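Peer 1: One-letter residues, chain by chain:
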Amino acid sequence: MKILIANRGEIAVRVIRACREMGVPTVAVYSDCDRLSPHVAAADQAIAIGASEAVRSYLDIGKIVDAARRAGADAVHPGYGFLAENAAFASACRDAGLTFIGPSPEAIALMGSKTEARAAAIRAGVPVVPGTERPFDASASDGEIARAAEAIGYPLLVKAVAGGGGKGMRVVDARGDLASAIARARSEAGAAFGDAAVYLERRLTRPRHIEIQLLGDRDGTVVPFVERECSIQRRHQKVVEESPSIAISRDLRERIAAAAKSVAQSVGYTNAGTIEFLVDRDDRGVDAFYFLEMNTRLQVEHPVTEMVTGVDLVQWQIRIAQGERLDLDPRGALTPRGHAIECRIYAEDPDRGFMPSPGVIRAFHPASGPGIRDDSGVTAGYTVPVYYDSMIAKLIAWAGTREAAIARMSRALAEYQVLGIRTTIPLFAWLMHQDDYRAARYDTTWLDRVMAERARRQASFNELDADEETLVTIASAIDAYLRARKGSAPADAGFGMGAWQRTARSEALRE
Amino acid sequence: MTFEIDLDGTRRAVSIEPAGQGRFRVVVLGEPRTVRAERTSEFGLSLTLDEASGRSREVTVTPGSNGELLVGLGGRTVSVSVDGRRRRGGGDGGRDTAGEQAVVAPMPGRVVRVLVSRGDEVAARQSVVVVEAMKMENELRSPKAGRIKEVAVGSGTLVEAGRVLVVVE
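First to last, the protein sequences are chains A and B. Read in order, the letters of the first sequence correspond to residues 1 to 511 in the working numbering. Read in order, the letters of the second sequence correspond to residues 512 to 680 in the working numbering.
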């Protein structure tokens, strides 16, 4: 087997690492701006697939299938994002005689439609969040949608049928905001997914986002894993995940895992997938869970599951695609060893509403040491492109207890250096010290509420005390002095790679 | 040698004289001190403000993408300018709202929608342009109440950071 990885960045590097360990040769693909990306250097072969805009490279099914043919690959791993949940891509791979490392195109299509997935969950006897059972396509009238909204009640969510990752989703608190929310969700979904259909769902006010990773083989065996807690979100995008959730009892874990397993089995699911649930505590303190959606691919946050179970999910994806039977101990998969936390490091400025911060990474020193896992996709000298998602790395900490994992994450965040751009690291360093986080008193709305409150009083995650301000001022002046004395340009005149370095790097690239 | 250091809008003059063996005589706000400083890497400095304490701090000074310096200390990063080489774009705080104001693209991206036309009256913080960058739609708001004097872009325009999109008067 030779595997082409139809993705970029950290996830392409992650898949290549699994392949290396299994002795499987790899093929990377890259767009114009990604020639110097680490995933290109990591693979055995690399094929250029076109312009930097994703629609002309990583989202172009024809180019990727053609690259696989040219490179002599016989399997394709889609990673996450891009074409990972595109049934047409999975079909195109199958038609070209390529093994798609993921579920069948039929399962992707079924679970990719949020309304069909809801129907599948209902058929499997799993509770769903109240909402519209049929999507509203572009021809649906505002009046028709408004009537459905009245039946569900406010607050509600407008969600793109093809959506994911918080894109094409809007919160509507009152009926006056419905029309504009639908227009925005449609526009975003149309641009991102080429499908402007939306549906409505009741918004639980203080839910936790709990999800179950699972693996399924071709014989119909499905193994669910211990839950991941993903309630720390900004604008409906996960930023911190952990496993296990301290809010989930063993009994609830077994019930949610069983529900996930029955949904997956009812649709004949194979390979890796994740079923997302909302868990809401009612007035009597009883936890109820609701099926939210299924992601028919590897998740960004899969490492926390790997850390607490010792299972390499990517290697299992490949083994399942090769026709191997799942022989994992189902008890072990549901029994976490210790605790793992992941922070998603984005090239964004948390002090300015998570404004993207693309640019040149001048130096890059990820954290290391006991219990630390670095899943990054950048290096020093790398320019964070404006064309793709702004996540540049994931930092994962494992320890015997949650408290120790938080301490370890704090230590690692203080070591982590990404110089030249802004990142979300200062936000995480702050978060690890918050009482609400440490006590796990949060739900999916917590971070947005805290951020809004901080924005009102213009609080910064990069606050310095008076002594630190003096230190920074002196350091800046000494830096300017040393650069002036050396006769080199001041630090802000730019220190990109030299021409020799650039030449050496491009020569090191394979065709 | 004297440098003017601007940190968060506060300017301080800092004079630096070498004192041998990695030491510098530094005067900030009239207060003289001896500082030990060594380069640890291209962008790293190890600073000891008080040698008796044995406490050194690692500070990084790196060029950022907006012309400012990014100075890192203990996991935090602040913007600094030296001798008036000021960052472009700037923060939202403290902006003068008199006269003409431009709504500027804070990052490269694509204009998805222009929500106003020339001559429209707008309120302060009213959304005027939606720019898609890195897969998210970002609403850019008017910095002041006023009238739209100019709309410099249309929907679909690719814009660089710093490009003027709309002018409000």
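By construction, these hints were calculated from the structure, which means they are not laboratory data. Note that the structure is a prediction, hence the values are computed from the model and not measured. Errors might be hidden in some of the hints.
[What the hints assert, rightly or not] Over the 10 Å line for every Cβ pair with chain A, so calculated as not near, a few chain B residues:
hint : residue
1    : Arg523
2    : Ala548
3    : Arg550
4    : Gly555
5    : Gly583
6    : Arg624
7    : Val625
8    : Glu643
9    : Gly657
[What the hints assert, rightly or not] Computed beta-carbon distance windows for the label pairs:
hint : chain 1 : residue 1 : chain 2 : residue 2 : range
10   : A       : Ala459    : B       : Pro529    : 33 to 41 Å
11   : A       : Gly338    : B       : Arg544    : 19 to 27 Å
12   : A       : Ala179    : B       : Glu680    : 26 to 34 Å
13   : A       : Gly353    : B       : Ala613    : 32 to 40 Å
[As the list claims (entries may be wrong)] Keeping only pairs whose Cα atoms sit at most 20 Å apart, straight-line, the calculated EDC-like set for lysine to aspartate or glutamate is:
hint : chain 1 : residue 1 : chain 2 : residue 2
14   : A       : Lys486    : B       : Glu680
15   : A       : Lys486    : A       : Glu468
16   : B       : Lys655    : B       : Glu632
17   : B       : Lys655    : B       : Asp594
18   : B       : Lys660    : B       : Glu680
19   : A       : Lys63     : A       : Glu53
20   : B       : Lys660    : B       : Asp631
21   : A       : Lys486    : B       : Glu553
22   : A       : Lys486    : B       : Glu528
23   : A       : Lys486    : B       : Asp631
24   : A       : Lys2      : A       : Glu403
By construction, the Cβ of each residue, glycine as well, lies at the ideal position given by its N, Cα and C atoms.
Peer 1: A separate judgement is required for each hint: does it hold in the structure or not?
Peer 2: Here is how each hint holds up against the structure:
1. Against chain A, the non-interface label of Arg523 (chain B) is violated: not every CB pair exceeds 10 Å, the least being about 5 Å.
2. Residue placement check: Ala548 (chain B) does not keep its beta carbon more than 10 Å from all beta carbons of chain A (closest about 5 Å).
3. Non-interface status of Arg550 (chain B) relative to chain A is broken: a Cβ of that chain comes within 10 Å, the nearest being about 7 Å off.
4. Distance check on Gly555 (chain B): its Cβ comes as close as 8 Å (rounded) to a Cβ of chain A, failing to clear the 10 Å threshold; non-interface status is violated.
5. Once the 10 Å rule is applied to beta carbons, Gly583 (chain B) is inconsistent with being away from chain A; the minimum gap is 7 Å.
6. Interface exclusion of Arg624 (chain B) from chain A breaks down, the closest Cβ pair being 7 Å apart, not more than 10 Å.
7. Distance to chain A confirms Val625 (chain B) as a non-interface residue, since its nearest Cβ pair spans about 13 Å, more than 10 Å.
8. For Glu643 (chain B), the shortest C-beta to C-beta distance to chain A comes to about 7 Å, within the 10 Å cut-off, and the non-interface label is violated.
9. For Gly657 (chain B), the shortest C-beta to C-beta distance to chain A comes to about 23 Å, beyond the 10 Å cut-off, and the non-interface label holds.
10. The hint said 33 to 41 Å for the Cβ distance between Ala459 (chain A) and Pro529 (chain B), and at roughly 39 Å that hint holds.
11. A beta carbon spacing of about 47 Å between Gly338 (chain A) and Arg544 (chain B) contradicts the range 19 to 27 Å that was offered as a hint.
12. Checked against the given bound of 26 to 34 Å, the beta carbons of Ala179 (chain A) and Glu680 (chain B), roughly 31 Å apart, stay inside it.
13. Distance hint for Gly353 (chain A) and Ala613 (chain B): a CB-CB separation of about 19 Å, inconsistent with the stated range 32 to 40 Å.
14. Distance restraint check for Lys486 (chain A) and Glu680 (chain B): the Cα-Cα separation of roughly 47 Å exceeds the 20 Å cut-off, and the hinted pair is therefore not satisfied.
15. About 27 Å separates the Cα atoms of Lys486 (chain A) and Glu468 (chain A), which puts this hinted pair outside 20 Å; it is violated.
16. Distance hint between Lys655 (chain B) and Glu632 (chain B) is fulfilled; the C-alpha atoms sit about 11 Å from each other, no more than 20 Å.
17. Restraint check: the Cα-Cα separation between Lys655 (chain B) and Asp594 (chain B) comes to about 30 Å, which exceeds 20 Å; the hinted pair is violated.
18. For the hint linking Lys660 (chain B) to Glu680 (chain B), the alpha-carbon distance of about 6 Å falls within 20 Å, and the restraint holds.
19. A C-alpha spacing of about 13 Å is found between Lys63 (chain A) and Glu53 (chain A), which places the hinted pair at or below 20 Å, so the restraint holds.
20. In summary, the hint linking Lys660 (chain B) to Asp631 (chain B) is supported, as the alpha carbons are separated by about 8 Å, within the 20 Å threshold.
21. A distance of roughly 13 Å separates the Cα atoms of Lys486 (chain A) and Glu553 (chain B); the hinted pair therefore holds under the 20 Å criterion.
22. Distance restraint check for Lys486 (chain A) and Glu528 (chain B): the Cα-Cα separation of roughly 15 Å lies within the 20 Å cut-off, and the hinted pair is therefore satisfied.
23. For the given pair, Lys486 (chain A) sits about 54 Å from Asp631 (chain B) by alpha-carbon distance, which is inconsistent with the 20 Å threshold.
24. At most 20 Å may separate the alpha-carbon atoms for a hinted pair to count; Lys2 (chain A) and Glu403 (chain A) exceed this at roughly 42 Å.
In terms of the numbered hints stated before, the structure departs from hints 1, 2, 3, 4, 5, 6, 8, 11, 13, 14, 15, 17, 23, 24, listed from lowest to highest.
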